[in-house]
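Q: Whenever a hint applies, use it, and build me the whole structure from the sequences.
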Amino acid sequence: MTDFSKLMEDPSFTYGIDVSHWQDYEQYTENMRETYAAGYRFCIIKATDGGGVDEDLKQNFDLAAEAGMIVGFYHYFRNNKNLTGKQQAEHFLNTINPYVEQLPGCLPHFIDVERYYNRMGMQSYNTGQIKSWLDTISENHK
Numbered sequence: 001m002t003d004f005s006k007l008m009e010d011p012s013f014t015y016g017i018d019v020s021h022w023q024d025y026e027q028y029t030e031n032m033r034e035t036y037a038a039g040y041r042f043c044i045i046k047a048t049d050g051g052g053v054d055e056d057l058k059q060n061f062d063l064a065a066e067a068g069m070i071v072g073f074y075h076y077f078r079n080n081k082n083l084t085g086k087q088q089a090e091h092f093l094n095t096i097n098p099y100v101e102q103l104p105g106c107l108p109h110f111i112d113v114e115r116y117y118n119r120m121g122m123q124s125y126n127t128g129q130i131k132s133w134l135d136t137i138s139e140n141h142k
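Residue numbers (the working numbering): 1 to 142.
The hints are simulated quantities; they were obtained by calculation from the structure and are not laboratory data. Errors might be hidden in some of the hints.
[Unchecked claim] Simulated restraints on C-beta separations:
no.: 1; residue 1: 112; residue 2: 39; range: 41 to 47 Å
no.: 2; residue 1: 15; residue 2: 111; range: 17 to 23 Å
no.: 3; residue 1: 80; residue 2: 105; range: 17 to 23 Å
no.: 4; residue 1: 82; residue 2: 111; range: 24 to 30 Å
no.: 5; residue 1: 59; residue 2: 94; range: 25 to 31 Å
no.: 6; residue 1: 127; residue 2: 15; range: 27 to 33 Å
no.: 7; residue 1: 105; residue 2: 34; range: 20 to 26 Å
no.: 8; residue 1: 114; residue 2: 13; range: 20 to 26 Å
no.: 9; residue 1: 39; residue 2: 128; range: 36 to 42 Å
no.: 10; residue 1: 97; residue 2: 21; range: 28 to 34 Å
The beta carbon of each residue, even a glycine, is placed where N, CA and C say it ideally should be.
A: Structure representation (structure tokens):
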């Protein structure tokens, strides 16, 4: 495992990690207790992606909760003609609610918005749809 101790020298910060199916499990998730022992106190877990669910959501949640991490969830926003921002937010909330009920005191919800390129060039986002996602989350946040 990587030596994270130098990152922990400043006590005015609380350190955390974000995990999804993209992370190197050997370094982060399978050694979540070591990560906690190294000073990391929260874990932001990818829950949803557009209309999908991260394939490692349950495993990441179980490992983070077992290690004593404060848990939060994020949604990877997709510029999707078939799903509005509100529909993506509702999907996100429906997906995470069983986890939030298991572990009271979860962090606020997060959204990941990234520009990306495809064969057509750089894609931009409809900021109205992002705002719709944020409004839906705000209205339904427990």
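Q: If a hint holds in the structure, say so; if it doesn't, say that too.
A: Right, here's what the structure says about each hint:
no.	hint	verdict
1	112 to 39: 41 to 47 Å	24 Å, violated
2	15 to 111: 17 to 23 Å	21 Å, holds
3	80 to 105: 17 to 23 Å	32 Å, violated
4	82 to 111: 24 to 30 Å	18 Å, violated
5	59 to 94: 25 to 31 Å	19 Å, violated
6	127 to 15: 27 to 33 Å	31 Å, holds
7	105 to 34: 20 to 26 Å	23 Å, holds
8	114 to 13: 20 to 26 Å	24 Å, holds
9	39 to 128: 36 to 42 Å	40 Å, holds
10	97 to 21: 28 to 34 Å	21 Å, violated
Checked against the numbered hints listed earlier, the structure breaks hints 1, 3, 4, 5 and 10; every other hint is satisfied.
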